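One letter stands for each residue in the lines below.
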Amino acid sequence: MLSDAEIRQKIKEMIVERLFLDVAPADIGDDESLPEKYNIDSVNLFEIVVGLEEVFGITLADEELSVEAFSTVAKIAEVVARKLS
Amino acid sequence: MSVPIALEYLESHGRRLHAIVRGETNRPAAVMADPFAEEKKCAHRVMAEAAEALAETGVTVLRFDYGGTGDSEGEFRDQTLAAWREDLITAARWARGELAPSALAVVGVRLGAVLAAQVSPTVRPEALVLIAPVSDGRAYWQENFRRQLIKTKLTAGDSASAEELHAAEGEEYFDLAGWVVSRELRRELQDIRLGPREAAVVAARRCLVLDVAPRAEPSAAALALAEALPGGVAVGIRMEPFWQRIGLVDATPLAQVLCDWLPKTLLELSSSGT
Numbered sequence: 001m002l003s004d005a006e007i008r009q010k011i012k013e014m015i016v017e018r019l020f021l022d023v024a025p026a027d028i029g030d031d032e033s034l035p036e037k038y039n040i041d042s043v044n045l046f047e048i049v050v051g052l053e054e055v056f057g058i059t060l061a062d063e064e065l066s067v068e069a070f071s072t073v074a075k076i077a078e079v080v081a082r083k084l085s
Numbered sequence: 086m087s088v089p090i091a092l093e094y095l096e097s098h099g100r101r102l103h104a105i106v107r108g109e110t111n112r113p114a115a116v117m118a119d120p121f122a123e124e125k126k127c128a129h130r131v132m133a134e135a136a137e138a139l140a141e142t143g144v145t146v147l148r149f150d151y152g153g154t155g156d157s158e159g160e161f162r163d164q165t166l167a168a169w170r171e172d173l174i175t176a177a178r179w180a181r182g183e184l185a186p187s188a189l190a191v192v193g194v195r196l197g198a199v200l201a202a203q204v205s206p207t208v209r210p211e212a213l214v215l216i217a218p219v220s221d222g223r224a225y226w227q228e229n230f231r232r233q234l235i236k237t238k239l240t241a242g243d244s245a246s247a248e249e250l251h252a253a254e255g256e257e258y259f260d261l262a263g264w265v266v267s268r269e270l271r272r273e274l275q276d277i278r279l280g281p282r283e284a285a286v287v288a289a290r291r292c293l294v295l296d297v298a299p300r301a302e303p304s305a306a307a308l309a310l311a312e313a314l315p316g317g318v319a320v321g322i323r324m325e326p327f328w329q330r331i332g333l334v335d336a337t338p339l340a341q342v343l344c345d346w347l348p349k350t351l352l353e354l355s356s357s358g359t
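Chains as they are written, first to last, in my numbering: chain A, 1 to 85; chain B, 86 to 359.
Read the hints as simulated data drawn from the structure, not as lab findings.
Any given hint might turn out to be false.
What the hints assert, rightly or not - In silico BS3-like pairs for lysine-lysine, Cα to Cα no more than 25 Å straight-line:
1) A:LYS83 to B:LYS236
2) A:LYS75 to A:LYS10
3) A:LYS37 to B:LYS349
4) A:LYS75 to B:LYS236
Quick caveat, the model's predicted, so the values are computed rather than measured.
Based on the provided sequences and hints, a complete structural model is requested.
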């Protein structure tokens, strides 16, 4: 079972890789607004959703796709933890 | 080197297709097959730059717009994959007849890669390049649907429901990010399959599968597809999915692989007889 910290770390690594961000994963703050700090648009958000499904082996239903729930690493980690449990 | 550029109009079952040719006759040539809808729009710049780079190597490149897209005649809402396959066949036949190439390649991106593979038994290109081909139509449609859902939520807020969008999806016409997709086209898209089994009917002497991803190694699916294709090889490119990016994407990694593989391959196939 992954700890919260491990989930957040994996999310940050995935975001940096899939969005080709020029930052270190550790430099992304847990509560930073991803849309505001990294100009996350619909395409990027979709990349994050696909990345989460691949990295964590989860499936997100269309109803679970929410801009608010994917706005920070901490909130994304909550979604992932819920799905993994 | 100055490469001549010519604007052409091709007749495809009663409608005019807009086409641009970069290069000269009696050279190896490539016809490019674009991706679908918004992906075509996003990929335009990268594909134009890749075409320019290829033309600089001596490969004459034909780019065209499918009916109902770009500057070609027709309405997008009336299009079908069957009609676009005809358009691609028209473009390839025109290239064979008018450009008199020593060898011909079809270079397809995403949906264009699927169409290129599907028309290959008719067109019989010497080489086929499949760039990030769509392998599963249902997953592809779902991907497009989800992107539309996220876009709607970003603009209208999280109150926009997936249910409403699913209801709209069931109508005769569905607005997919501004592209009006008919039920028939949606069904055709969902029916797409391009894997090792479908690769068995592909007709070309050499095939290149280009996997464009955050990592430079080709995926297992790309390797399996390449293995099933005639003379197939898979290459991975670390590059943003340029068919999804509205902003500027550096075309260099893609252009480099195309310029390394295609001229050499087409020259080999020219000299070995076709």
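Structure-based check of all given hints:
At roughly 23 Å between alpha-carbon atoms, A:LYS83 and B:LYS236 fall within 25 Å of each other, so this suggested pair holds. For the proposed pair A:LYS75 and A:LYS10, the alpha carbon gap of about 14 Å is at most 25 Å, so the pair holds. Between A:LYS37 and B:LYS349 the CA atoms are separated by roughly 45 Å; this puts the pair beyond 25 Å, and the hint is violated. Of the pairs offered as hints, the one joining A:LYS75 and B:LYS236 holds, with about 19 Å between alpha carbons and a cut-off of 25 Å not exceeded.
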